[in-house]
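What follows is the residue order along each chain.
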Amino acid sequence: MISTLQKTIRHLKAVRVLHKPAVEVLKHPAPEDTVTASFGRFISEMKPQHLSPVVLQRSKRMVLDSIGVGLIGSTTDVFELALQHCQYMYAPDDISSVYGRRGTRLSPTLAAFVNGVATHSMDFDDTWHPATHPSGAVLPAVLALSDMMPAHNKPSGLDFLLAFNVGIEIQGRLMRFSNEAHNIPKRFHPPSVVGTMGSAAACARLLSLDASRCSHALAIAASLAGAPMANAATQSKPLHIGNASRLGLEAALLASRGLQASPLVLDAVAGVAGFNAFYEDYVPQPLESPSDGGHMFLLEEQDMGFKRFPAHLGMHWVADAAASVHKVLVGVDPGTVSPAQVQDILLRVPQSKYINRPFPESEHEARHSFQFNACSALLDGEVTMQSFTPAAMSRPDLLSLLRRVRVEHPHDNPANFNRMYGEVQVTLVGGDILKGRCDTFYGHWRNPLTNESLRKKFRNNAEVVLPSEKVEMLVDVVEELDGLGDCRVLLSQLQ
Amino acid sequence: MGNSGHFGNLEDLTSDSVFIYKSQVHLDVLSLEELVETEQCYASFGLTGLASPLQGITESFGAAIHALNTTQLTDGVINRSKRMMLDTLGVGLLGTRTAVFNKALTYSQLFTCEERSSVWGKSEMNLPPHYTAFVNGIAVHSMDFDDTWHPATHPSGAVLPALLALAETLPSRPSGLDLLLAFNVGIEVQGRLMRFSREAYNIPERFHPPSVVGVMGSAAASAKLLGLSPAQCSHALAIAASSAGAPLANAATQTKPLHIGNAARRGLEAAQLAQIGLEGNPAILDMHHGFGVYYKDYSPSAMAASGAFKWILEEQDVAFKRIPAHLGMHWVVDAALAARAKLQNTIGSFDLSQIRRVTLRVPPSKYVNCPLPVTEHQARHSFQFNACSALLDDKVSVASFSEAHISRPALRELLSKVKVETPPDNQPSFDKMYCEVEIETEQGHSHAARCDTFYGHWRKPLSQRHLVEKFSVNASSVLCTEGVEGVVEVIGNIERVTECSVLALYLRMTSNPQEELHCVNIQ
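Residue numbers (the UniProt record's numbering), protein chains in the order written: chain D, 1 to 495; chain H, 1 to 523.
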């Protein structure tokens with residue numbers, strides 16, 4: 001909390017900046033007219049009443065799905081490794097809960113870290129357009145921070161949802177500053193760029209920081225953003241989300257202690273890159289104050305994609321296309337599909353190097369391989385969590401099919417989650433050609449998972465680590481989250 | 001290999017690669033970009049168009065970090081790196097009295113750990129090693145007083161705090177020589193990485209270099225001290241790459257020191273994660289969408305660990321600062337002092353009111369062109385401010401950046417008379433730039449001076465006496481005489497010291513425990 005004295009000093013400093021004598025005409029906008037300042041104001045002025053029913057509904061679905069994938073993610077090797085690291089490097093801390101681990105708590109940024117890793121560990125978490133995985137960067141931080149707040153001052157369910165939505169909204173706004181962001185990424189992994197900023201924004205909102213500190217939280221976070229795409233499809237990828245969550249929270253905490261950074265970080269200043277360092281093209285826009293009325297959350301206009309199986313979003317198109325071919329094949333010759341029937345498999349997919357892997361060697365690579373997912377769906381009729389086990393990955397039948405795959409990149413198939421399609425063309429030994437095509441997989445924002453499907457996914461995930469009573473409690477609590485007086489009811493069900 | 005685009009003959013491929021190639025053979029016309037892309041993709045798995053796969057670049061770095069040993073440390077490199085260590089400790093100690101350090105320290109005290117390392121300049125404060133590396137790194141860069149290299153980065157602050165924090169916790173109790181070797185590995189890796197790109201040779205515009213190469217250097221140095229295997233060393237670099245890259249806009253703000261603090265901390269973390277088996281992309285340095293994302297042009301090459309190995313530090317020394325400000329300020333200060341002397345010689349005394357205009361001829365660099373700085377951080381990144389301080393006070397020192405000094409009316413008035421020009425022959429490179437200061441009097445007379453190489457630059461290095469003097473002045477603000485002399489002694493003989501953690505004892509010998517509670521308010 002800022003003391004009155006400090007408030008006075010801060011005010012004086014601001015006055016000095018505004019009234020300094022200008023002999024050379026400075027071409028900078030007045031401080032309060034910058035894009036950066038507008039974001040700070042937006043975050044600090046956002047109130048629960050600004051959340052529309054559609055936004056409430058959609059964001060609750062995201063919270064549920066994110067918790068579920070986080071819970072199942074707590075069973076992975078990479079999660080275990082991250083958790084051990086935190087426990088080894090730091091003393092036990094009684095504060096923030098770790099997903100699915102009864103009695104295990106860590107200090108808030110570390111809990112945000114491991115829970116973020118869990119969320120993205122299997123690439124099972126939500127995907128938005130423009131492309132990023134928005135919830136995994138925000139939810140763990142908001143949960144960890146809520147655990148950190150004093151018992152007499154816990155956020156209500158609505159405060160919690162508000163902070164969450166601020167974190168999502170900021171990510172969406174930032175991605176719209178650049179055309180580059182609209183396509184499947186090539187340079188920086190988007191969650192590491194906008195995710196960190198979203199987490200900082202959400203935490204700044206939950207901490208009720210003033211507009212200036214909200215801006216500084218974003219600016220501090222910018223210095224913690226950015227990881228290269230090359231680490232996607234490796235064991236380190238989940239850490240991108242874990243770190244986004246952790247470092248965004250850290251940025252907000254540092255800002256709350258008065259740390260300052262660039263007041264122009266989101267603005268485009270020639271010769272001195274700010275947030276635009278991460279993009280080739282960048283045109284920032286200020287955010288209007290929510291108090292002016294008429295602000296529409298991006299989530300209202302652009303829904304979220306949820307995954308049906310744990311792999312990169314692009315895989316869902318080829319899996320659905322291949323599954324339709326599988327159905328025909330199995331109909332033709334009842335039983336399983338045999339590689340002996342297949343002469344050639346042609347995939348028509350967008351061009352994107354990091355998901356084009358003919359022979360993936362690890363589960364991480366397999367989750368990022370058009371070829372692998374198409375062949376798995378061709379063989380089994382679907383792709384599931386089990387498709388990525390070592391046993392499933394090394395099946396001779398699967399490897400046979402993989403050897404028969406070719407890949408084409410038609411010009412009308414852009415590397416863009418809003419416009420791409422997946423085609424699987426199987427030439428049988430007899431000469432017959434079977435073709436499957438998927439334009440919009442079930443779970444895409446154009447064809448959203450029903451609430452039943454979403455809950456089914458959640459239950460399948462959560463029941464692996466939690467008893468059914470807690471699982472059902474979570475479903476109910478999240479459903480009623482905006483009516484909850486105290487979010488502790490949610491916090492206590494996660495392990 | 002690399003960007004050649006040459007695909008090689010089918011017969012030359014190893015049997016492993018044949019399947020992959022075969023599956024690609026049916027592709028319709030591949031564009032040249034696709035061929036190059038595919039080749040680079042194969043290169044990342046160690047497959048090339050040649051008969052035996054070349055060692056990948058990342059692999060070569062991992063192997064080198066693992067294999068470099070103390071016999072390869074030459075006298076020249078030992079000498080230079082000891083000077084860097086001493087200077088870094090001095091500026092770090094001074095930095096423990098800054099506001100930004102205190103904020104970071106308060107934050108870091110949220111964390112506890114069984115293993116603890118010493119915070120510099122505090123008689124009794126320990127933190128988990130990551131946070132020790134964090135706060136000490138911040139201290140080093142808090143006043144922009146630390147060393148600078150060419151291509152431009154601040155190499156030591158990202159490495160030494162991580163190593164000292166780590167060394168205190170290792171049961172193997174590393175020696176001074178172990179420390180020296182690991183330190184040099186961390187510096188060397190940074191130097192190598194910067195040479196992968198032409199962009200790195202100029203004053204930066206996008207990413208702050210310590211945040212790009214510093215974290216890689218810290219990971220390499222930590223991996224070395226931990227004795228990781230070659231593969232683990234490679235993975236440490238890969239994990240660190242995902243922690244690199246902070247935008248330049250936060251330079252000239254209170255957050256800039258955190259770039260070095262975070263580089264130290266997260267490099268250490270990367271090495272420790274690699275130690276427990278976390279893996280990243282084993283070709284992280286080879287790929288454009290790997291480490292190459294931080295540069296517009298990127299041409300990596302492999303690192304040898306034996307035979308013809310030569311340390312970059314042997315060929316390219318660092319610059320040590322005499323003023324706690326951005327390196328570019330040193331040129332303008334030396335030029336301003338010389339111009340001032342000329343004016344004084346001519347008219348017998350120095351009279352501010354006689355000055356009509358001051359013209360600075362400097363290289364183009366937006367983030368150090370600040371006509372009217374308000375904060376200490378801006379002042380350290382302002383050609384105009386440093387020139388005027390030099391003219392007004394006939395010197396620029398630590399005290400010049402206090403709030404009181406920055407807001408002096410006489411200084412503000414002089415600042416209003418400054419004009420900045422960026423002549424086309426003045427390149428934004430620390431190896432090539434110059435500064436000219438021209439004072440025009442009311443009578444219409446001009447007195448100009450030019451500085452091509454300031455004292456402290458690698459072309460005109462600080463003498464050992466002056467370097468030790470800088471350290472002593474800095475360290476004495478925090479440590480008692482025994483501590484000051486102890487550090488000088490230990491670093492001076494580091495290669496003979498049996499346990500390098502003895503340094504920590506001296507770094508905690510504060511002169512006045514009471515004083516620790518108050519930060520010397522530079523602001």
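Simulated from the structure, these hints should not be mistaken for laboratory data.
Certain hints may be false.
[Unchecked claim] EDC-like mimics (lysine to aspartate or glutamate), calculated; alpha carbons at most 20 Å apart, straight line:
1) H:K342 x H:D297
2) D:K353 x D:D292
3) D:K186 x H:D394
4) D:K154 x D:D412
5) H:K82 x H:D351
6) H:K395 x H:D317
7) D:K470 x D:E480
8) H:K296 x D:D482
9) H:K296 x H:E205
10) H:K296 x D:D344
11) H:K103 x D:D210
12) H:K432 x H:E205
13) D:K60 x D:E382
14) H:K296 x D:D210
15) D:K435 x D:D344
[Said to hold, decoys possible] Incomplete in silico selection of chain D near chain H, CB under 7 Å:
16) Q87
17) L254
18) Y442
Glycine included, each C-beta is placed from N, C-alpha and C at the ideal position.
- [ ] List in ascending order the numbers of the hints, as given earlier, that are violated by the structure.
- [x] Violated hints: 1, 2, 3, 4, 5, 6, 8, 10, 13, 14, 16 and 18; rest satisfied.
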